[in-house]
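Chemist: Chains as they are written, first to last, in the numbering used here: chain A, 1 to 167; chain B, 1 to 283.
Honestly, I wouldn't trust all of these hints.
As the list claims (entries may be wrong) - If you want a taste of the chain B side facing chain A, the calculated C-beta under 8 Å gives, among others:
id : residue
1  : Gly34
2  : Leu38
3  : Leu40
4  : Gln106
By construction, these hints were calculated from the structure, which means they are not laboratory data. From a predicted model like this one, the values you see are computed outputs, not experimental measurements. All C-beta atoms in this analysis are idealised placements derived from N, C-alpha and C, irrespective of residue type, glycine included.
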Amino acid sequence: MTKLNITVDGEVHDDDVEPRTLLVHYLRDVVGKTGTNVGCDTSNCGACTVHLDGRSVKSCTVLAVQADGATVDTIEGLADPSTNGDPTAGWHPLQKAFHTEHGLQCGYCTPGMIMAAADLLKENPDPSEDEVRHGLEGNLCRCTGYVNIVKAVRTAAAEMRGEEVSA
Amino acid sequence: MIPASFEYVRANSIEEAIGALQEHGDEAKLLAGGHSLLPLMKLRLAAPEVIVDLGRVDALRGVCETDDGRLAIGAMTSHQDVIDDDLVRQHCGVLADVTAHVGDAQVRHRGTIGGALAHGDAASDLPAALLALDGSVIAQGPNGRREIPASELFVDYLTTALNDDEVVVEVRVPKLDGDWGWRYEKFSRVAQAWAIVGALGIVKRSNGSIEDARVGLTNMGTVPVRAAAVEQALNGNGTDAIADAAQQAAEGTDAPGDLNATPEFRQHLARVLTRRALEAAAG
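Go ahead and model the full structure; you've got the sequences and the hints to work with.
Modeler: Structure below.
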């Protein structure tokens, strides 16, 4: 077992893990962050995307021990928690936009899509349709929902830039 | 899918990593970004008994200029950091452009230049680029450092000239200052996939003709290759020679056949992609 000190969605965790534990399994099975999904498990589909020290990574292809001392942000920490009983009030603009633009059908890819998009928008606050598609090439949606996913990302980008967005 | 059990060693310096490699011999594997090794371990195609993690060795990150006028890129520099690096963009933009074709955004955030080269996969983008650039790696072992030119680094399928107790510490590439153009043409089955074939054309122009042409081919053999016949046919000629020269792109290659492409299709792709890459590079 190897000692692990890791900050997940703002909370510090100290755990002993087997070195072969994948970050996604640590997040789901030890920390309980089941919002992060395991999809293909072969670093193709991006469903397991989280932020490791601020950059999007596929947590099925990172050992938990590689994240020792690091900060991990998952989909569960994206919304603003300081709301009064309304679970949707604190939603991140991406979460809102995926809802309003119908950016999901089954929703399995959504946590990874949103985390990948969040990193993309940090680097490029006003991406073109092409740039969104290219930026999300590491995330697969098997409901063929890309049109609305791209729309959702651009809608969220507009809101994050402070532009008026019709709901 | 979970890798087989292994002993985990976290190296805090290059010397510690070399010491661990000496201690454990060929039972040990170095872990850089893990984006080639971990998928193999999850599929149990690799089951090293000891993993030596280089993630804490900060001395292996970053880019600087060398005394002999080249760029030295730390082996643990992530693909994204190579793409974003000012020195790379200014002096060797072709490396940034090829690196932007590696995997996808998440892969580029974790994967490293040294790891990709040490893995020695002829189907990945950077080995052919290093070869076309006449670049090299600096390897450090128990007896010090040595420079391995790209032309000697890639020995066979997933096999490099690195010894079991050596660590790639730096990647060196020339500064392409002057009138250079380049284009990497990558033909993939789906976005983010490995190249079925890739062709990198690098051209130095001088008075309307091609002074120096380089062509690196991805996935046209067990190791990355240069299209030497194309290069020779172009040097000293005008850009109108490109179409004919590119017809020789598959000469001397040993294209693999698999589910996605027959060797003949790969040879066809090599000719077409080489022409496109060179035309764009010279344009």
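Chemist: Are the hints correct? Go through all of them and say.
Modeler: A quick look at each hint next to the structure:
1. Look at Gly34 of chain B: its Cβ gets to within about 6 Å of chain A, closer than 8 Å, so that hint holds up.
2. Contact between Leu38 of chain B and chain A, as hinted, is supported at the beta carbon level, the nearest pair being about 5 Å apart and thus within 8 Å.
3. A least Cβ separation of about 11 Å between Leu40 of chain B and chain A goes past the 8 Å threshold, and the interface hint is therefore violated.
4. Residue-level restraint check for Gln106 of chain B holds (minimum Cβ-Cβ distance to chain A is 5 Å; threshold 8 Å).
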